[in-house]
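First to last, the protein sequences are chains S and A.
If you read the first sequence in our numbering, its first letter stands for residue 1168, the second for the next number, and so on.
If you read the second sequence in our numbering, its first letter stands for residue 93, the second for the next number, and so on.
No lab work stands behind these hints, which were simulated from the structure alone.
Do not rely on the hints blindly, as some may be mistaken.
Stated by the list, open to error - Pairs of lysine-lysine residues, derived as BS3-like cross-links and limited to a Cα-Cα distance of at most 27 angstroms, are as follows:
#1 Lys1299(S) to Lys1281(S)
#2 Lys1299(S) to Lys1172(S)
#3 Lys188(A) to Lys1237(S)
#4 Lys1193(S) to Lys1170(S)
#5 Lys1398(S) to Lys1408(S)
#6 Lys1380(S) to Lys1408(S)
#7 Lys1260(S) to Lys94(A)
#8 Lys1398(S) to Lys1380(S)
#9 Lys1170(S) to Lys1212(S)
#10 Lys1212(S) to Lys1374(S)
#11 Lys1172(S) to Lys1398(S)
#12 Lys188(A) to Lys1212(S)
#13 Lys94(A) to Lys1181(S)
#14 Lys1240(S) to Lys1290(S)
#15 Lys1212(S) to Lys1193(S)
#16 Lys94(A) to Lys1299(S)
#17 Lys1299(S) to Lys1260(S)
#18 Lys94(A) to Lys1300(S)
#19 Lys188(A) to Lys1260(S)
#20 Lys1380(S) to Lys1170(S)
#21 Lys1275(S) to Lys1260(S)
Stated by the list, open to error - Example chain S residues on the side facing chain A (calculated, C-beta under 7 angstroms, incomplete):
#22 Leu1217
#23 Val1239
#24 Ile1247
#25 Asn1322
Said to hold, decoys possible - A few chain S positions that, by computed beta-carbon distances, are all more than 12 angstroms from chain A:
#26 Leu1273
#27 Lys1299
#28 Ser1348
#29 Asn1366
#30 Trp1385
#31 Lys1408
Just so you know, these numbers come straight off a predicted model, no measurement behind them.
We put the beta carbon where it would ideally sit given N, CA and C, even for glycine.
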Amino acid sequence: MIKIKNISKSFNEKSVLRNISGEFDKGKTNLIIGSSGTGKSVLLKCIVGLLHPDTGYAFYDLRNFTDADKDVKSEIRREIGMLFQGGALFDSKNVEENVMFPLDILTKMPYAEKLDRVNFCLKRVGLENVNKKMASEISGGMKKRVGIARAIVNNPNYLFCDEPNSGLDPQTSILIDELISEITHEFNITTIIVTHDMNSVLGIGEKIMFLHKGDKLWEGSNEDITHSGVKELDDFVFINKVMRSLKGTKLV
Amino acid sequence: MKEFGRYMIFLGSLVVRRETFITYYRLVIDECMQIGVKSISLFVLVSTFIGAVTTVQTAFNLVTPLVPRYVISQVVREMTVLELAPTIMAIIFAGKIGSSMAGGLGTMRITEQIDALEVMGINSSSYLVLPKIVASMMMYPLLVIVAGVCSMIGGYLVGTLTGILTPTEYIMGIRSIFNDYTITFALIKSVVFAFLIASISCFKGYYTQGGALEVGIASTDAVTSSVIAVLLADYFLANLLLSS
């Protein structure tokens, strides 16, 4: 479980996040949603330590990560897997080397064992026989899958996904969502996904936090989202005619 | 001063939370290939022509018959060892290797590859930058030696083939009144220049923010700042090591 408490963050005196608190449950797909520029990615970066919040803390199973010393931070980070928006695959390495990279750095496993693990993870994300392809030679959807394989290769306890569907067609988006959801349940990990894709929200949002202009306005599940009573959330959810026609009905 | 302070903090970050020796060993070997082996043809080409041109221009300026012809190769040797090989090559090194380092790291930054390393608990600056600096400090002195030799060979070929001076005169000039400390001085300079170029270029690339445009700006900044640092260091090292 990950718990955040009173997280605030400003850039050049512009307040981006204000006193965000909440809990992200283990074994569930937790979503942080909101329009572009509401601070979702900043919150995620504060949680994983890529940004230091001005105030507040992130706790990983009761371990204070934000104020931990470098050794403890390093130890917790080795339990983290992260899927970045663009995949963030290393250009100089092929698919196999990219997925094997965390094992090379963080473990002392023999090569054969590492290769088995890499092949298992690639198979798990539906990619086979692409081991020797360079990152630049594969499609956007495949990059996301390789990114997921790399994120889970070291058996993480925490999985973070920053806009996993961006730039993908709707069909591939749903496949990626389902894959993340399956992996979360299969390995019983705490998953946090930042997204503004309503398909993801309705499809896999077991626990959802809605941000609006740096404030947390609502928390709930995909079953409750259509009748939250929060105007800003309604504006976000019922943005198109199809969704508006379904207002008031139970969607999930 | 703020930028200089950030640069010093950046240098400090390279030596904390390091990975294993074997990891760095592999990375340094890879970087040596990139920096040394893939640059050697350019260095050979440029230095050979610099030696050739220096020979022709020195001969052009030696109008009095009172000065013996072998002085031409003596001038070529001194210019090559003291300035052309370490300093002019440093400017080429900054243009080729420095801009490549800044561009590579800048691209890694904007495509979140550096963030990916940090999330894995790896000290990204140490992992990515330290091997580049070490490899530069190992390979650049070797490139300077190659450049020095090629420059003198270039001078020899042009000098003898065009009849400016005989092979015997050229060899005599190369060997006469030779102070071997100039070689030591050139190698000290080359190590310092390599450190400055690699560290400044990596610093500029590592802290790139924005998109493709900013990566280009970081590469240009890296070359500009490195060249200025090299020229300043050249002056201070000359004062420090040659003044007595």
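Output the numbers, in ascending order, of every earlier hint that fails for this structure. 2, 3, 7, 12, 14, 16, 18, 23, 25 and 26
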